[in-house]
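Peer 1: What follows is the residue order along each chain.
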Amino acid sequence: MADIATKERSRPKAAPSPWKQKRPKKPGTGVASLNGKWGYLFVAPFIAMFLIFGLFPVAYSTKLAFYKYDPLSLDQAWTWVGLANFKDILADETFWLSLGNTFEIWALSTFPQMILAIGFAAILRNRFLRGKTFWRTILLVPNITSVIAVAIIFGQLFGRDYGMINSIIGFFGFPHIDFIENSFASHVAVAVMITWRWVGYNSLIFLASMLAIPDDLYESASLDGAGAWKQFRYVTLPGLRNTITFVLIVGTIGGLQVYAEPLTLAGTNDGGSSHQLSTLTMYLFNESFINIRYGHGAAIGILITIIVLIISLINFVVTRRVASEDKK
Amino acid sequence: MSKKKFNRAVAAAALIATVGSGLLLAAPARATATPVTITIWTFGDVIEPAMLRAYKVIHPEVTIALKKADLDPSMTNLTTSCAAYVQNHRVGNPPDIAAVEVSYSGYWRAYPQCFTDLRTLNTSSANAAAQSLVASSSNIAANLNATDIKTNYLPWRWAQGTGYNDSVIGIPTDVGGLEVAYRTDLFKKAGLPTDRAKVGALWPTWDKFIAVGKQYMTKISAADKKKGVGFIDNVGTIYAASMNQGTYKYYNNNGTDAGQLVYKVKGKMPVYDAKTKKQKIDPKTKKPMFTTGWILNPNITKAWDYTIKANDAGIGTRIGQYTSDWNVGMTKGTFATILAPAWMMDYIKGQAPTTKGKWDIADLPGGGGNQGGTQLTIPAWSANKQAAWDFMNWYLAPQQQLTVFKTYGLFPSTKSIYNDPALVNFKDPFFNNAPVGKIYLTGIQKLKPIFEGKLERAIDQAIGAGLGRVAAKKQGSLQSQIQVLVDLDKATK
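Residue numbers (this note's numbering), protein chains in the order written: chain Y, 1 to 328; chain L, 329 to 821.
Because the hints were derived from the structure by calculation, they are not lab data. We put the beta carbon where it would ideally sit given N, CA and C, even for glycine. A few of these clues could be false.
Calculated cross-link-like contacts (lysine-lysine; reagent style DSSO-like; alpha-carbon spacing at most 30 Å) [what the hints assert, rightly or not]:
| hint | chain 1 | residue 1 | chain 2 | residue 2 |
| --- | --- | --- | --- | --- |
| 1 | L | Lys774 | L | Lys686 |
| 2 | L | Lys818 | Y | Lys63 |
| 3 | Y | Lys63 | L | Lys821 |
| 4 | L | Lys818 | Y | Lys68 |
| 5 | L | Lys592 | Y | Lys68 |
| 6 | L | Lys821 | Y | Lys87 |
| 7 | Y | Lys87 | L | Lys818 |
To be clear about the criterion: a stretch of chain L counts as covered by chain Y if any three or more of its residues have a C-beta under 8 Å from a C-beta of chain Y, and this derived list gives those stretches [to be verified]:
| hint | segment |
| --- | --- |
| 8 | 411-419 |
| 9 | 645-653 |
| 10 | 784-793 |
Starting from the given sequences, assemble the full structure and let the hints guide the process.
Peer 2: Shown next, in the form of structure tokens:
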């Protein structure tokens, strides 16, 4: 056996085997061909899922946006209405209000969250910190907690009469804040929930990016006499530039989909008495399933897509500028 | 184990014990039947699990799969399932029984194609045989269809489950009723009578109710007022209570699927001044100015005005119902009254167990009340209609409704037991031994049928938001009404 093995192994060296030379001309066998036909097989499950749960709903709701649709009607379920759904939506002040609410909540949650996350990451990066893994795990716990559970707990914190926050405010003699009826306060409440939930996740992303900054940069900076703050300002922050862009994009997409938090806080599908907590997705749900106008719902969905596209375009331009600055 | 859970467990054990003892006698004679699974889509406490265990004793071959969702999502699910049936002729999808709440009954009435006409189903003889073997169970005779059992039920509740062309699409479960739950200890402290008959006599009308509230508030210390103490938990509940005392809400029955919208009428519309945010005053005559235009119908205006009057009188705490503040306030005595449907009694017991004996129940101002109620329906695409109909007949029969009332406080919709001493003489120690059966019974018998239309839920939501804006001082009453009219035009377009 050993002899044969040695022979086999030594054979190619002695004389190149004929089959090995032919191999490139023979597709369908060997590792190289896996990139061809077999590749399709491996991605097939994803493609199938994507077609069913991704592309089909998009195509279906695009059609829906141009129709008045009554799925329970026996004789005429689909009625072509052209652009009427879009006209209705754009003329509805609740849409514009929801749009404004969505962006206000987005701004109130994204920017404080970013600052907090970078701060946490900077603390976690500290070489002398004990129990690093423990702290990292703790930070991620809010992220895996059910949104509804979070909303219920925060609903109790923000209660107008017996909520913990108002009890503290009242203790110092200030009037209670109505975190549901007051438009700005309610947005702050939702933003706090979102921040609490996502700050840990983002700090881990920032941490990973910070750890990728070479140590010699810090060493040379400290040799030049830079203190901790200056090191952070002139070494860490510029190194995080791409990550900040990334977090901003992901945060924006998430921000446009805010639903469970304002819904649970408001307690009604229309987002409160003056729609102060209505976000774009809540407006979509309310139009589709409470006012039972599926065409309107689909049209709102398309409008949200357009808004995301515009924001992505802005992001794209900004990112490219950031990238070109990096090259300098 | 919380007290509420413990009570429930005891009740369940008692149920199983009584029905189970019947089973022991009967077991040998039982014929084997083919197993069947009934899927029920429901919300809240419409179907009590303890009752299902009792049914399992009579029908071991029937498995009941209970799927609970929130009220609005459960209706969305039903729509999807019905669309699959109507558009693609899919049969056999769940559910076999769907619970439909009153606020949606008008919507579903417009789509009778989604439901089995319950006049076409008959209870099976096998079912009757199985039940006769269990001593404590009520006997459901064979060959009963919806027309046969109609006389058992309260007429205006029955009407909520009927479609156009007289088809019967739902059988009523409980009836909400609506009375005033009040705290005797707080009433005593404020110098008000505590005896339920005297308390009821204090407020024959909503105006008087508000006056009593004002009187109560004068006895509240400034410190307590600052803490948000009030007479009633939420003045917004007065709106729905007053609405249901009328004969119509937002629709008239004109025999069509959608009904005729009557939320607005042509009338004397106050001229609104955008600057002062009040009604304009004619500079010459010094009288408020009016013009002819669309206004909310008189029924809505009446209920709206009571609510606003109560709000302006400052007798409400403005705590939203079913919020954490509400649950805490119930125990702390933040409010002295709640407008409580019968099913809310169990909720109060669960949330504020320490207030036992401090509560009592008095008549609702304005005479008779209702809030909520549900029908059980059998969707047209169900594959187990027979088993579902047999179950519904058992579950909604007078005797079972009486058991549910005694254990959970849901008031029976079956008028055939309204003379039953077990109901009329039923007293609840939690509510100071009030004869709750008798009190709720008197209330619901005063009500007249109200036609529920297709977009009831959306309209209620828009008006609720309007009242909320006034309560939150975002708009004046008149300004808010003007916006409600715009919102309603939009919602019903």
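Peer 1: Now tell me if each hint is right for this structure.
Peer 2: A quick look at each hint next to the structure:
For a cut-off of 30 Å, the pair hint linking Lys774/L to Lys686/L stands: about 28 Å separates their Cα positions. Distance check on the hinted pair: Lys818/L and Lys63/Y sit about 23 Å apart at the alpha-carbon level, within 30 Å; holds. With a C-alpha separation of about 21 Å, the suggested pairing of Lys63/Y with Lys821/L holds against the 30 Å cut-off. A hinted pair counts as satisfied when its Cα atoms are at most 30 Å apart, and Lys818/L with Lys68/Y qualifies at roughly 15 Å.
A threshold of 30 Å between alpha carbons decides the hint, and for Lys592/L with Lys68/Y the separation of about 25 Å falls inside it, so the pair holds. The suggested pairing of Lys821/L with Lys87/Y holds, with an alpha-carbon distance near 14 Å, which does not exceed 30 Å. Restraint check for Lys87/Y and Lys818/L: satisfied, since their Cα atoms lie roughly 13 Å apart, inside the 30 Å limit. Chain Y is given as covering the segment 411-419 of chain L, and this holds because 3 residues of the stretch bring a CB closer than 8 Å to a CB of that chain, at least three being needed.
Restraint check on the segment 645-653 of chain L versus chain Y: 8 residues with Cβ-Cβ distances below 8 Å, three needed, restraint holds. Taking a C-beta to C-beta cut-off of 8 Å, the segment 784-793 of chain L contributes 6 residues in contact with chain Y, enough for the three needed, and the coverage statement holds.
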